[in-house]
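Undergrad: Given next are the chains, with one letter for each unit.
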Amino acid sequence: MDEQRVITVALAGQPNVGKSSVFNTLTGLNQHVGNWPGKTVEQRTGTFAYNGVTYRLVDLPGTYSLTANSLEEVIAREYIIRERPDVVAVILSAPVLERNLYLVAELLGLEAPLVVGLNMVDVAEQEGMRIEPRVLEAAMGIPVVPMTATKGLGIQELVRAVDEVAHGRTPQQPQRPEIRRDHQEVLDQLLALIGARAPEGYPAQWVALKLLEGDGEISALMSQRIPAEEWAAVSRILLEHEDAVIAVAGGRYEWVARMVRAAVVRPRAGQITLTSQLDRIATHPFWGLLVLAGILGVVFWLTYTVGAPLQEWLQVTVVGGLGQLITSALAGGPRWLTALLVDGVLGGAGTVITFLPILAIFFATLGLLEDVGYMARAAYVMDRFMHLMGMHGKSFLPLFLGFGCNVSSVVGARVIESPRARLLTVLISPLVPCTGRMAVVTFLAPLFFGRGALAVTWGLVAINLVALAVLGVVLSKTLLRGEQVAFIMEMPLYHLPNPRTIAIQVWQRVGEFLHKAGTMILLVSVLIWLLGAVPTGEIQTSLLAAIGRGLEPVGRLMGLDWRMMLALLSSFAAKENSLATLGVLFGAGDSAGSLGSVLQAAIGARAAWAFLVVQMLFVPCVATVAAMRQETRSWGWTLAGVVLLLVLSLLGGTAAYQIAGLL
Amino acid sequence: MLFELLDLLRQGGAQTYAALARQLDISEALLEGMLADLERMGYLRQVGGGCAGHCHGCTMAGTCAIGAGGRIWALTEKGARAAS
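Read top to bottom, the protein sequences are chains A and B.
Position in the first sequence counted from 1, then plus 8, gives you our numbering.
Under our numbering, the residue at position 18 of the second sequence is numbered 9, and the numbers go up by one with no gaps.
Careful, some of the hints might be misleading.
As the list claims (entries may be wrong) - Lysine to any residue pairs mimicking SDA-like chemistry, simulated, CA-CA at most 25 Å apart:
1. A:K485 with A:V627
2. A:K485 with B:D(-2)
3. A:K485 with B:E68
4. B:K69 with A:R64
5. B:K69 with A:E248
6. B:K69 with A:H40
7. A:K47 with A:L79
8. A:K485 with A:I245
9. A:K159 with A:R107
10. B:K69 with A:T646
11. B:K69 with A:E193
12. A:K47 with A:R64
13. B:K69 with A:V194
14. B:K69 with A:P427
15. B:K69 with A:R428
16. A:K485 with A:T646
17. B:K69 with A:K47
18. B:K69 with A:E225
19. B:K69 with B:R1
20. A:K47 with A:L229
21. B:K69 with A:D190
22. B:K69 with A:E221
23. A:K485 with B:R1
24. B:K69 with A:K159
25. A:K485 with B:E23
26. A:K485 with B:R62
27. A:K485 with A:R428
28. B:K69 with A:E498
29. B:K69 with A:E425
30. B:K69 with A:G401
31. B:K69 with A:G203
32. A:K159 with A:I245
In short, the hints are calculated from the structure, not lab data.
For reference, chain B alone in the conformation it holds in the complex (with noise of 0.2 Å):
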């Protein structure tokens, strides 16, 4: 089940827990202890939670598009060797 998420993940492009618990016939929460596992494994890292502080000499800085709670999840270098 993990070596099939990487799979999904070796697609490359942006996908949505929604659209990967799809594509795995599993629920939301089972994908999220997946994800959580492969962290812990060293396979993904989290990189999402905004960019606040770096926007200096801009009016809007501090924003942050996506930064509104919602964790995102980058492969590692190890995950990306295993996905491929």
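So that you can see chain A by itself, here it is in the shape it has in the complex (with noise of 0.2 Å):
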């Protein structure tokens, strides 16, 4: 019949599905590379004989859609409703079908026959995935060729199809995506206005739906042969109806999901993933949280059976030598000299040093957790739980990254669009316990609770999180009535630690811990065993013990005495200022004994429980309330954010002492 006839087929497909290699395959030699024309972009062509038939084979640029995004797109499409090929011939990566099946949608709408070469089958059913081409072709109401080209199969069957199409053997009866119903009366309006000025070639539903779908070059091409009365009516209906966008793509990807749901069989509940195995439980909304509660306590329970032994022996052995050390060497010097060494640096600075080892085993177990992927799942559940606890439609993902520091919760609430939300998550994040209050708990709760003092930790997380829970409640009831904030959370895949990671993150972290020791808690120290020791060298008559005398009547509700309020005063610079206030009072760098033997014999388990409290809801130290003005851009609420958590510790403080007398 029509042997001289050259029949035209352009090789569509995304990137990276192995159309060169169906092109290569059927050209070979007979190839031709130029340039599309006023393109840069590289243009390859060829031939090949089928039948006796001359077939000439343009292969089309990769693209993911057929919208204007990119110049690849235009001139695909371009050159699919100008040139009018005879065969549209489209390459799928079977393991990566739904994403591929996207730009099939779009084909369908340029009305061109088309033909699926469905790609790669082989990798998909070592996936685990198997996709029934027959199924697919009844479907989409298109021919479907399953192929491995890489090994050659399937090539000749995608030519024989395309053969069929281009002789009008195999009738096309495509079923095209739909946008969604409740627009479809404005793609009516759009089609009437439109009527039959689309320029020929270009289907007028398409043009009516890239329109609808906000694109420049249509846009352009039509406000050129509409009047311009009609198309204001046009740009009109356009501007009123600004998210159909999402009604058009959105119709195609329902009808991708269509097209899955009935031709891929899904990998058998034996393969999945282990990842999503573990995610069962870990991102469950009832044992997740028991994961979380057993991680931590496991992580607790490492600091006090292998850093708490650690910690003292460094303050008895290192830190008391120490001072004995220097106490002798300077024995002939002045008294002054030496009791600022041994009693304010190495009471201070010193006691604080010895924590290395339990916020080693911090760090390392943290960064473990970071390290397998485990800590999106510990914020996803803590969110969760902040929904059980009665904050429905809001999250609080940035808080969760406040677990190590505060100040990263409070810059991390950037993330949240609304201002309010935003707010509020900046004023209840130091709420979250961090590495620094977590380090006074360790020491002081094995110290006065022995055995009990896992449970005691346990308990003092809890609170936190439920006076979280409640604050973010009511202030969220007040705040942010009627808001909503949503976030869509990727969980990374689970996999195997590396230890160098966490070695590098541990070995920066203590690094970091060690500045801080040697600038700002030295400091403090030094200041605090200053104002002990003006006017009369005496600490009981000193200017600090009248500053700590003020705050007595405070601290009586809690059964703190002075040096454990002067104690959560200097928190204020940095948490683990407390132990180093700590010292310095109570003489940790004198030979005397461990800081620990000293302050069981000062203060009771009660008020060591009160003050423990009082320290995880207190007013979070200076770097996170610098963070907090920063944030908040007002001194008003920074100020409020204190003054609640001031007062919110206080009257836990008195409470747990309270409560704890009862008992």
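Starting from two chains that each stand alone, build the complex the way the hints lay out.
TA: Now the structure itself:
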């Protein structure tokens, strides 16, 4: 019949689907490489013969869709519209069929005869995915040919299918995507306005859809062809239906999902990935919380069994030994210098440095959890917990950055779009237990509660989280009425931890901690010592004692003497300063014994418990307050946040002390 | 399908890919495509990726509890309007 006629086939597909190997297999040496007319994008064409007919194959640029997002997409669609190839063969990669089908959904709108080459079916099968080509074919209403192009399998079948379509022997009955029903009316209105004014080859329906999608190219084209008055009507409709783009693209996704549901058999239950199996428990609203509590328990247990004895050894042997050394070395020197070095520097900053083993364990376990991919789950579970507590429709995801450091969560709140939700997150984030607070807790808890330390620590964390949730609910009911905050989280795949990454992290954080101990904490230690030495040289009659005694009336409610109150106050500079201050005031630098034994003798378990509760709920450190000011840009809100936590912590401490007295 | 996705986000709170894909009865791969499209259209933005570098003055500076590779998305103002 038409042996002399050349049949043109356009080869379409997304990048990396094996389109080039189909092109090369078919055309061999009969290729021509040039540029697309007027464009700098490479154009490859070639010829092959089948059944005595010459086929001209045009390799379209690889594109994900046919919007006017990129030059490649414009080239591909303009070629199909203007050159009207006899057949468009679209190559899909079976393992990523869903993403690839979107392009088919777009191509169907162009009303060109289509043949689908379903490539890499072998890879899909290896991954446990089974695709039924015949079902897919029936669902789409266009021919589907399974292939493995790299092995040359299926290519002849593809050519045969193309040949059939080109000669009209396979009727095309494409099932096209539909726009969402509630937008059908606006589509019809547009179609009526466009009428027969679409340029030749441009299907009117496709033009109308592209206008609804806000396609710049098509808008420019049609504004030239439609009289100004009618174009104004078109523009008005488009402006009123700004979100129609979602209905159009959504219709295509709906179509893709329908095709996949029909023709793809998902991996069997046994093949579900380890990550999703683990996540069934780790992100479960109830079990997930238990897992988190269990993990925290293990971290505390490690700290108490490994870190705490090391800390005591450092305190007694190293700090105590150094103290003795300095005392004997400076025996003939001024007394104040010995006191400054032993009581101030060693007692304060030295004591804090003995926490290095405890912190190293914290850093290592946090690093490990982060590296295996668990921390994202922890944040998600905590977010669900807030929902359980009554904060429906809100998300405070950035809060849970604060497990490491409250500054992170305050700054992290930036990702929240709504200003009021952001403010709320900033105000309550200091209630997330940070490492600084936990260092104080891990020191005092085993001292006073022995084997019960684990339960006490758990209880303290729980009190903070409940306080966080209650405050959050109260504030969100007042500040955030009617506002929703949503996040979508991709859970990273679980993987084996990399010891090197964790070691580097621990090393960096230990370095930062030592830096802080050598600067801020040292300074506060010396200051505390100085205030405790002036004017008389006796601490009981010092300026510091006078300040401390001024705080005693408040402290009495919580069973805390003036030294404990000063320890709290100094934690404003940095949480670890509580320990430095206790070290200075209770003479940790002296060789009499460990700070622990001195403290045990000086304060009871009930006061220690109240102290810990206040410490956990107390005003955040100065770095966090500075971050709060920076993020809220308001001294008023910053002050409000500080006062809120001050009141909350004092109430909490009083309640803890008084209730413990009843037991 | 995209309206349905926005509708799920309207309920607020944090949602995982897995939970959203299950509710829409689609695969996570397709969901990812939809998220990328919604971002291109200006309805979503990616906010994940850590807070390193902001945490001066803290021993845990550089720590980011949710930084380990997972992407996090939030509605933009336009997205919030469309969702409601």
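Undergrad: Decide, hint by hint, whether the structure agrees.
TA: Hints and how they fare:
Distance check on the hinted pair: K485 (chain A) and V627 (chain A) sit about 23 Å apart at the alpha-carbon level, within 25 Å; holds. Using a Cα cut-off of 25 Å, the hinted pair K485 (chain A) and D(-2) (chain B) holds, with the two alpha carbons roughly 22 Å apart. In summary, the hint linking K485 (chain A) to E68 (chain B) is supported, as the alpha carbons are separated by about 22 Å, within the 25 Å threshold. For a cut-off of 25 Å, the pair hint linking K69 (chain B) to R64 (chain A) is broken: about 46 Å separates their Cα positions.
Note on K69 (chain B) and E248 (chain A): the hinted pairing holds, with a Cα-Cα distance of about 14 Å set against a maximum of 25 Å. For the given pair, K69 (chain B) sits about 47 Å from H40 (chain A) by alpha-carbon distance, which is inconsistent with the 25 Å threshold. For the given pair, K47 (chain A) sits about 9 Å from L79 (chain A) by alpha-carbon distance, which is consistent with the 25 Å threshold. Straight-line distance between C-alpha atoms of K485 (chain A) and I245 (chain A) comes to about 39 Å, which puts the hinted pair past the 25 Å bound.
Taking the CA atoms of K159 (chain A) and R107 (chain A), the gap is near 24 Å; set against the 25 Å cutoff, the hint holds. Of the pairs offered as hints, the one joining K69 (chain B) and T646 (chain A) is violated, with about 30 Å between alpha carbons and a cut-off of 25 Å exceeded. Simply put, K69 (chain B) and E193 (chain A) have alpha-carbon atoms about 23 Å apart, close enough for the 25 Å limit, and the pair holds. With a CA separation close to 21 Å, the supplied pair K47 (chain A) and R64 (chain A) stays within the 25 Å bound.
With a C-alpha separation of about 21 Å, the suggested pairing of K69 (chain B) with V194 (chain A) holds against the 25 Å cut-off. Of the pairs offered as hints, the one joining K69 (chain B) and P427 (chain A) holds, with about 15 Å between alpha carbons and a cut-off of 25 Å not exceeded. Taken as a hint, the K69 (chain B) and R428 (chain A) pair is honoured in the structure, with Cα atoms around 17 Å apart against an allowance of 25 Å. Distance check on the hinted pair: K485 (chain A) and T646 (chain A) sit about 20 Å apart at the alpha-carbon level, within 25 Å; holds.
Distance check on the hinted pair: K69 (chain B) and K47 (chain A) sit about 35 Å apart at the alpha-carbon level, beyond 25 Å; violated. At most 25 Å may separate the alpha-carbon atoms for a hinted pair to count; K69 (chain B) and E225 (chain A) meet this at roughly 23 Å. This hinted pair checks out: K69 (chain B) and R1 (chain B) have alpha carbons roughly 13 Å apart, not beyond 25 Å. Proximity of K47 (chain A) to L229 (chain A) is assessed by CA-CA distance (about 19 Å); at most 25 Å being required, the pair is judged to hold.
This hinted pair checks out: K69 (chain B) and D190 (chain A) have alpha carbons roughly 20 Å apart, not beyond 25 Å. For the hint pairing K69 (chain B) with E221 (chain A), the CA-to-CA distance comes to about 15 Å; that is within 25 Å, so the pair holds. Between K485 (chain A) and R1 (chain B) the CA atoms are separated by roughly 18 Å; this keeps the pair inside 25 Å, and the hint holds. Straight-line distance between C-alpha atoms of K69 (chain B) and K159 (chain A) comes to about 48 Å, which puts the hinted pair past the 25 Å bound.
Distance restraint check for K485 (chain A) and E23 (chain B): the Cα-Cα separation of roughly 33 Å exceeds the 25 Å cut-off, and the hinted pair is therefore not satisfied. Restraint check: the Cα-Cα separation between K485 (chain A) and R62 (chain B) comes to about 29 Å, which exceeds 25 Å; the hinted pair is violated. For a cut-off of 25 Å, the pair hint linking K485 (chain A) to R428 (chain A) stands: about 12 Å separates their Cα positions. Distance restraint check for K69 (chain B) and E498 (chain A): the Cα-Cα separation of roughly 22 Å lies within the 25 Å cut-off, and the hinted pair is therefore satisfied.
Between K69 (chain B) and E425 (chain A), the direct Cα distance comes to roughly 11 Å. Compliance with the 25 Å bound is thereby established for this hinted pair. A distance of roughly 18 Å separates the Cα atoms of K69 (chain B) and G401 (chain A); the hinted pair therefore holds under the 25 Å criterion. Only pairs whose Cα atoms come within 25 Å are accepted, and K69 (chain B) paired with G203 (chain A) is rejected, the gap being roughly 32 Å. Of the pairs offered as hints, the one joining K159 (chain A) and I245 (chain A) is violated, with about 52 Å between alpha carbons and a cut-off of 25 Å exceeded.
In summary, the structure is inconsistent with hints 4, 6, 8, 10, 17, 24, 25, 26, 31 and 32 from the numbered list given earlier, while agreeing with the others.
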